[in-house]
Amino acid sequence: MRLPVILLLACLYGPLSAKVLHTGHGQRFPDITAAAKAALPGDTILLHSGTYAGDQSLQGLQGKPGKWICIIAEKNGAVLFKGGTSAWRGSDIAYLHIEGVVFSGQTGNGLNVDDGGSYASPAHHIVFRHCVFRDMAATGNNDLLKLSGVDDLTIRQCTFLNGSPGGSGIDMVGCHNSLILQCRFENTGANALQMKGGSSHIRVEACVFKNAGSRAINLGGSTGQAFFRPANAAWEAADLKVYSNVFIGSEVPVAFVGCVRSEVVNNTIYKPQRWVIRILQENKDTARFVKCANNIFRNNIICIDGQLRTACSTGSGTAPESFTFSNNLWFHTGNGSWPGPQLPAPEMNGLTGKDPLFRNADKEDFGIAVNSPAALAGFPLQHPEKDHAGKPFRKERAMGAFEAD
1 MRLPVILLLA
11 CLYGPLSAKV
21 LHTGHGQRFP
31 DITAAAKAAL
41 PGDTILLHSG
51 TYAGDQSLQG
61 LQGKPGKWIC
71 IIAEKNGAVL
81 FKGGTSAWRG
91 SDIAYLHIEG
101 VVFSGQTGNG
111 LNVDDGGSYA
121 SPAHHIVFRH
131 CVFRDMAATG
141 NNDLLKLSGV
151 DDLTIRQCTF
161 LNGSPGGSGI
171 DMVGCHNSLI
181 LQCRFENTGA
191 NALQMKGGSS
201 HIRVEACVFK
211 NAGSRAINLG
221 GSTGQAFFRP
231 ANAAWEAADL
241 KVYSNVFIGS
251 EVPVAFVGCV
261 RSEVVNNTIY
271 KPQRWVIRIL
281 QENKDTARFV
291 KCANNIFRNN
301 IICIDGQLRT
311 ACSTGSGTAP
321 ESFTFSNNLW
331 FHTGNGSWPG
341 PQLPAPEMNG
351 LTGKDPLFRN
361 ADKEDFGIAV
371 NSPAALAGFP
381 LQHPEKDHAG
391 KPFRKERAMG
401 AFEAD
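My numbering numbers the first residue of the sequence shown as 1 and each following residue consecutively.
Read the hints as simulated data drawn from the structure, not as lab findings.
Some hints here could point you the wrong way.
Distance condition first, Cα-Cα at most 20 Å in a straight line; then the derived PhoX-like pairs of lysine-lysine [to be verified]: (1) 363 with 271; (2) 64 with 37; (3) 363 with 210; (4) 67 with 37; (5) 19 with 67; (6) 241 with 291; (7) 386 with 241; (8) 64 with 19; (9) 19 with 37; (10) 271 with 354.
Work out the full structure: start from the sequences and follow the hints.
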């Protein structure tokens, strides 16, 4: 038993009961389905090292405030759930902390969490930490992590790798009040992260998105009306925050799709393949849905090369003139005479043609020094408070994901 980890979690979530459910090969509980049926608030399901079959169930597993249920691998990365339609499926789960588990080779979704179709009672208060979701055994709209009707969610220091070509790393439908922090997404399929179907108040911070599909982040999307949470939402997504992230490659790093009041601030975007951002409206019901509008793109560093088509692509039914662009640095690595981006609204205090002087972009080191033109050039803001490395931004902050050394 990893006593230090269990004691740490006791400090985080309150006192644990005396019950530790040893789960796995040769243990009292052979699989997580059996352990979940026996677990009570405050219990710990301790997963012993090994490879286990998918199609496990967490149905109805709920802790309580101060008595979370913890599902923990005895060693990070040493517990693998392989195959199955989904590795685990959990409906109506709550107050659950999951740590150190690897999910691989599923044919449907890697892991599926939902509200059981009862939109008034979402799954809630769920933490994923140090988990790995990888190698989908599918080619369609299959997601490494599928979340439908989940609130108060934290996904921290997790890895999403090699998704289905038509799917997402994380697909969030009708999710709210959540944080995605310090995660890595690579080769994730159609997109790395999608927040749609009435999703709101989600912060994505200090993550890395590398070659993360046609749209690394999809702020909104296109959702069937029966699946919205709340049912009367007039937008695909609202009040999303994309802070201090690094984007490498992808056809377009950031797509605003039917979203409102969302902001992309202090990110570093390196060599996107077609566009830097897109502004789209895919749900065409104009009687119900407001236009994609009133979003912010600010304090970002964008380095492009010859493969870029145009900086910003706009679609019909949107209000791109309502967007705020300010204090972004735009640099073409192979064309010193590049005139700069054509944006749908005027940019205030932008910089064009200035090399940001990354420390070592070839090794994914996008830190900058005080001699960078991006240092001290950002718009003064309260958020994000910290840069990609966890360093506080100064009052006169830098552009990009890193505060200047």
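key: Restraint check for residue 67 with residue 37, where alpha carbons must lie at most 20 Å apart   = holds, 17 Å
query = Given the hint that residue 64 pairs with residue 19, does the C-alpha gap stay at or below 20 Å?
reply = holds, 15 Å
query = Are residue 241 and residue 291 close enough, with their CA atoms no more than 20 Å apart?
reply = holds, 19 Å
query = Keeping to a limit of 20 Å between CA atoms, is the pair of residue 271 and residue 354 held or broken?
reply = holds, 15 Å
key: Restraint check for residue 19 with residue 67, where alpha carbons must lie at most 20 Å apart   = holds, 12 Å
query = Does residue 37 lie within 20 Å of residue 64 when you go C-alpha to C-alpha?
reply = holds, 16 Å
request  = Quickly compare the C-alpha distance for residue 363 and residue 210 to 20 Å and report which way the hint goes.
outcome  = holds, 12 Å
task = Mind checking the alpha carbons of residue 386 and residue 241 for me, to see if they're no more than 20 Å apart?
result = holds, 13 Å
key: Hinted pair residue 19 and residue 37, Cα distance within 20 Å   = holds, 14 Å
request  = Assess, step by step, whether the Cα of residue 363 is no farther than 20 Å from the Cα of residue 271, and give holds or violated.
outcome  = holds, 14 Å
In this structure, every one of the numbered hints holds.
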